[in-house]
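Number of protein chains: 2
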Amino acid sequence: MSDSRLIYLPLGGAGEIGMNCYVYGYGKPGEERLIVVDMGVTFPDMDTTPGVDLILPDITWLKENRNRIEALFVTHAHEDHVGAVGHTFDALGVPIYARAFTANIARGKLAEYGVEGQAVRTVSAWPETVTVGPFSVGFLPISHSIPESSALVIDTPAGRVIHTGDFKLDPTPLVGEAWDPALWESVAKDGVKALVCDSTNVFSQHAGRSEATVGPAVEKLVSEARNMVVATTFASNVARVKTLAEAGDRAGRSICLLGRAMRRMIEAAVETGVLSGFPKVIGPEDAAQLPRENVMLLVTGSQGERRAASAQLARGKYNGIELKEGDLFLFSSKTIPGNERDVIRIMNQLSEKGVDVVDDAMGDYHVSGHANRPDLETVQNLVKPQMVVPMHGEHRHLREHVKLAGQNGRAGVLAVNGMMIELSGNEPRVVEYIETGRTYLDGSVQIGALDGIVRDRIRMALNGHVVVTVILDEDDEPLGEPWCDLMGLPEQGRSHAPLVDILEEDLAQFMGRAGGKTLTDDDKLEEGLRRVARQTAMNEIGKKPEVTVVVSRLS
Amino acid sequence: MSDSRLIYLPLGGAGEIGMNCYVYGYGKPGEERLIVVDMGVTFPDMDTTPGVDLILPDITWLKENRNRIEALFVTHAHEDHVGAVGHTFDALGVPIYARAFTANIARGKLAEYGVEGQAVRTVSAWPETVTVGPFSVGFLPISHSIPESSALVIDTPAGRVIHTGDFKLDPTPLVGEAWDPALWESVAKDGVKALVCDSTNVFSQHAGRSEATVGPAVEKLVSEARNMVVATTFASNVARVKTLAEAGDRAGRSICLLGRAMRRMIEAAVETGVLSGFPKVIGPEDAAQLPRENVMLLVTGSQGERRAASAQLARGKYNGIELKEGDLFLFSSKTIPGNERDVIRIMNQLSEKGVDVVDDAMGDYHVSGHANRPDLETVQNLVKPQMVVPMHGEHRHLREHVKLAGQNGRAGVLAVNGMMIELSGNEPRVVEYIETGRTYLDGSVQIGALDGIVRDRIRMALNGHVVVTVILDEDDEPLGEPWCDLMGLPEQGRSHAPLVDILEEDLAQFMGRAGGKTLTDDDKLEEGLRRVARQTAMNEIGKKPEVTVVVSRLS
Chain L
282 MSDSRLIYLP
292 LGGAGEIGMN
302 CYVYGYGKPG
312 EERLIVVDMG
322 VTFPDMDTTP
332 GVDLILPDIT
342 WLKENRNRIE
352 ALFVTHAHED
362 HVGAVGHTFD
372 ALGVPIYARA
382 FTANIARGKL
392 AEYGVEGQAV
402 RTVSAWPETV
412 TVGPFSVGFL
422 PISHSIPESS
432 ALVIDTPAGR
442 VIHTGDFKLD
452 PTPLVGEAWD
462 PALWESVAKD
472 GVKALVCDST
482 NVFSQHAGRS
492 EATVGPAVEK
502 LVSEARNMVV
512 ATTFASNVAR
522 VKTLAEAGDR
532 AGRSICLLGR
542 AMRRMIEAAV
552 ETGVLSGFPK
562 VIGPEDAAQL
572 PRENVMLLVT
582 GSQGERRAAS
592 AQLARGKYNG
602 IELKEGDLFL
612 FSSKTIPGNE
622 RDVIRIMNQL
632 SEKGVDVVDD
642 AMGDYHVSGH
652 ANRPDLETVQ
662 NLVKPQMVVP
672 MHGEHRHLRE
682 HVKLAGQNGR
692 AGVLAVNGMM
702 IELSGNEPRV
712 VEYIETGRTY
722 LDGSVQIGAL
732 DGIVRDRIRM
742 ALNGHVVVTV
752 ILDEDDEPLG
762 EPWCDLMGLP
772 EQGRSHAPLV
782 DILEEDLAQF
792 MGRAGGKTLT
802 DDDKLEEGLR
812 RVARQTAMNE
822 IGKKPEVTVV
832 VSRLS
Chain S
282 MSDSRLIYLP
292 LGGAGEIGMN
302 CYVYGYGKPG
312 EERLIVVDMG
322 VTFPDMDTTP
332 GVDLILPDIT
342 WLKENRNRIE
352 ALFVTHAHED
362 HVGAVGHTFD
372 ALGVPIYARA
382 FTANIARGKL
392 AEYGVEGQAV
402 RTVSAWPETV
412 TVGPFSVGFL
422 PISHSIPESS
432 ALVIDTPAGR
442 VIHTGDFKLD
452 PTPLVGEAWD
462 PALWESVAKD
472 GVKALVCDST
482 NVFSQHAGRS
492 EATVGPAVEK
502 LVSEARNMVV
512 ATTFASNVAR
522 VKTLAEAGDR
532 AGRSICLLGR
542 AMRRMIEAAV
552 ETGVLSGFPK
562 VIGPEDAAQL
572 PRENVMLLVT
582 GSQGERRAAS
592 AQLARGKYNG
602 IELKEGDLFL
612 FSSKTIPGNE
622 RDVIRIMNQL
632 SEKGVDVVDD
642 AMGDYHVSGH
652 ANRPDLETVQ
662 NLVKPQMVVP
672 MHGEHRHLRE
682 HVKLAGQNGR
692 AGVLAVNGMM
702 IELSGNEPRV
712 VEYIETGRTY
722 LDGSVQIGAL
732 DGIVRDRIRM
742 ALNGHVVVTV
752 ILDEDDEPLG
762 EPWCDLMGLP
772 EQGRSHAPLV
782 DILEEDLAQF
792 MGRAGGKTLT
802 DDDKLEEGLR
812 RVARQTAMNE
822 IGKKPEVTVV
832 VSRLS
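Top to bottom, those sequences are chains L and S.
Mapping the first sequence onto our numbering, position 27 (from 1) lands on 308, and the numbers just tick up by one.
Mapping the second sequence onto our numbering, position 232 (from 1) lands on 513, and the numbers just tick up by one.
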């Protein structure tokens, strides 16, 4: 076995926050048997991915090596870890292992693609393990902002790896298992080859706060509210939803869940037994009938998503419920960078309705789900791994995390997506670079990030679009003059005459001057017309539009 | 004079942060003589204004009432207060009054439009005043994050108004005048009708911090750095630039300014005498020659602007200077909501180069330029205005500020853009609604926000664009089959055949079925072709594109 090696290869999540997808392999170089850990998505934005519905890891390498893959393990049910299981199942078709709550969510995603539930196999917590190929894998409980988040204990002939997944060190997480240092110590005591570790909060200097610290402030706020109370948080943060619901319940309010994800998550948590004692909920019809001071809505859309319940309530009536002067709206959440404008828009719409908005600006109504810098050190010192491999972070987080490991005398490696790392030596070592990237789900089609499709959309959005049409007869002579259709461009510019007229005039002049060499050559003709259209537009309106030239030949 | 009134009308900046433009009027209703305070811009984003270069207040109402306008007063030289003076000068053509530093910047903006410098008249600080029509206006010094920021003392026959402009209460601002409570008290002692007041930080619960508190931390950081040091902040924050430069100077580093705005602001501050004792600066050529540990760069681009020096240094060589492993990059700034992704992109690019990035996450390297909630109360209690009119804030800020005034027993009014408020009564009162909005500078053309041009761009970006071309002969019979050009759309979808082929096939079928009534009617034909193209695309790729139909008739 001495010519076999243990490798680690991130395909998503290393050099970004989102779209997690990590591969481990063991065997002879190039023939390693593989397992995949997590298959997540990330979300598009107008700046870089207009019109795109979801962003998935590019799994080309996995498809090429499909027959070497033993299984997919999912650490927890956040979208950036489980979101792509449905979209990629067809291409990979490997068994999926997860704990009960995560499996419940994963099955829902597969069902949307018509895949049956048995594709996902439920595994109990450590010490249960699953053996696939040369790997034995167990789900080690760890606290996070979703139930049943787990680190993976991955045993291989080259030693034990702990892949933390997302985690925090919470002794009182309210829902799900508490951080259990004794359990972790026992798992680590015989030596850990590598700790592959969440890096999200490596820049946060203070130890993280427990989920339990949120309750008192929420309870005070809700108990003092005099009209309707609405609260939003990530639906998957079941502990938080429970805290909010209990605060409402104690204040004599009936709880109403709004938004598909909110209902789905609570349902999954109850079905799988991770949540009990949740206050009775009522439907929106009943909520609309009750006195406002007896209702508390728990709603989706803490990140300002336009179609979620928060945004809809901010815009107007939703499910028969309308917010009014004196109602209270609590964001029990942190705004993820990039979502600020959407969240602020909602806050202002609520303000226009006279609704009092409360958020976590003062740190009272939210805690992070990720381990802060001192917590990362705690885990390193407990697990005492031979090497630290930071993951789940942007480049700056991974780099800082490597530094932190170094400060504690441990070997670290900055591995970003596509870097295959050999873990079986004494120090981590880059052995290969794999082509990686992003796949866009666009409508019902998966397209490559570098296909140029989205680039063209961005160009049209920035520059507008001119369509130039010319017709040539059988003798390659222009039949009439060129004409233009404009989209996304000002109607007139410097000349105070319609831009379309000025463009058509200049294009007609070009056609008049064009000789047989140009008129018989589609490429030359298109290039000439495009150049004239762009230059004329530049003179008139100060910008060069995208130009599509349509040449029709009657032949 | 009893039938005359004093009015206040925000045209920009009330209900948003940015694009400040406020109007005061005195006289008989509808015949008030007017002054304008500030003429600022706001910045576009890809989400709502792709391709737009700048956003200006819609000054239609001012143009319609041009002969009633006495003058424009500019409180300070931030872009959201002075940025539109050049773009609107032609349309208004009124004299502009400002203090020396602001006037210097304003003249630069007018020069870009070929307007001579005498259009801007320099006014000294209070007690100097300018009398225009029924108004007497003085510039009352107040601290902010730019030199010579001033409140306006606006005396009218109906009483005194204090328009704060942007401000903070800083006893040690380092550059420019300190907050002088005695001066303000003396100005207010005979009674103030209305305090029209900055609302930006009304949600910040603690008293603001002085600019002087930033120095020690910066000095420590710079003195401990071992390679090149780069720092970025708003160029207009001359005090901060000075603090940074002095820290570099004391650490034995030569100072190099990079970015046009950085050089322009320091130049203006020196020219107008607000800045003295600034360390000697060197050019980038010299900086590139010196040992790295002897250089400090002060650069533009703290908000991640793609063309600014920070972004260019993060991408590669800029002005002959390249950052390297072990250099230090300080963001002495706060990221404005909406700019997070751009700033984070730069931080990660710097991380990839091995540059250590330090920001204000822990609150050590930046202070805000706006008055916090307790500071707003301090000013209210000092000025004791009859009424408080919050401005410079989103709806939620204005609303909270009105509440704050109420808590202190003062009448407040929530006035957003377009609401004309009468201030001459005992309580503020809405007397009219004026149509307001935004004007986009798009290339060299000013377009209206509601013209539909930007909406079309957004649609193309989200949905892609299909151009369908058909030719009909003299008898209204199709000449050949329709064809399609696609932009921003996947090449194939469900059928695994080229999307363009599938579209053309379905469009040809439609043309084949179409009767004379359709073929002779351009509108019907276009509508039919559009419907087919959208439906076919929906089936194939799961989205409905924008469709432009070009019908050519050979007649």
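No wet-lab data here; the hints were simulated from the structure.
Certain hints may be false.
Copies of the same chain look alike in the list, so a pair counts if it works inside one copy or between any two.
Taking lysine to aspartate or glutamate and the EDC-like style, the derived pairs with C-alpha atoms no more than 20 Å apart in a straight line are [said to hold, decoys possible]:
#, residue 1, residue 2
1, Lys309, Glu772
2, Lys561, Glu633
3, Lys634, Glu552
4, Lys805, Asp371
5, Lys824, Asp334
6, Lys309, Asp803
7, Lys474, Asp436
8, Lys824, Glu393
9, Lys824, Asp732
10, Lys501, Glu527
11, Lys684, Glu633
12, Lys825, Asp334
None of these values were measured; they are calculated from a predicted model.
Check: Under a CA distance limit of 20 Å, which applies to Lys824 and Asp334: within one copy, between copies, both, or neither?
Finding: Cα proximity of Lys824 and Asp334: across copies only (10 Å, versus 30 Å in one copy).
Margin query: I want to check one pair: Lys309 and Asp803. Are their C-alpha atoms no more than 20 Å apart within a copy, between two copies, both, or neither?
Written below: neither (55 Å within a copy, 68 Å between copies)
Check: For the identical chains here, do Lys824 and Asp732 meet the 20 Å Cα criterion within one copy, between copies, both, or neither?
Finding: between (25 Å within a copy, 18 Å between copies)
Notebook entry, point to check: 20 Å Cα cut-off: does Lys805 pair with Asp371 within a copy, between copies, both or neither?
Noted result: neither (45 Å within a copy, 43 Å between copies)
Notebook entry, point to check: For Lys309 vs Glu772, is the C-alpha pair at or below 20 Å within one copy, between two copies, both, or neither?
Noted result: Intra 66 Å, inter 40 Å, cutoff 20 Å: neither.
Margin query: As a check of your reading, is Lys825 near Asp334 (CA-CA no more than 20 Å) within one copy, between copies, both or neither?
Written below: between (29 Å within a copy, 13 Å between copies)
Check: How would you classify Lys824 and Glu393 at a CA-CA limit of 20 Å: within, between, both, or neither?
Finding: between (45 Å within a copy, 18 Å between copies)
Notebook entry, point to check: Between copies, within a copy, both or neither: which fits Lys561 and Glu633 at Cα up to 20 Å?
Noted result: neither (32 Å within a copy, 51 Å between copies)
Next item on the list: Evaluate Lys474 and Asp436 at a C-alpha cut-off of 20 Å and name the case that applies: within, between, both or neither.
Entry: Cα proximity of Lys474 and Asp436: one copy only (10 Å, versus 77 Å across).
Note to self: Regarding Lys634 and Glu552, is the shortest C-alpha distance of 20 Å or less found within a copy, between copies, in both, or in neither?
What the structure shows: neither (38 Å within a copy, 49 Å between copies)
Notebook entry, point to check: When no copy is named, should Lys684 and Glu633 be tagged within, between, both, or neither for a Cα gap of at most 20 Å?
Noted result: For Lys684 and Glu633, only the inter-copy Cα distance (14 Å) is at most 20 Å; the intra-copy one is 48 Å.
Note to self: Reference check for the pair Lys501 and Glu527, CA-CA at most 20 Å: within, between, both, or neither?
What the structure shows: Close inside one copy (12 Å), not across copies (48 Å); limit 20 Å.
The earlier numbered hints that this structure contradicts are 1, 2, 3, 4, 6.
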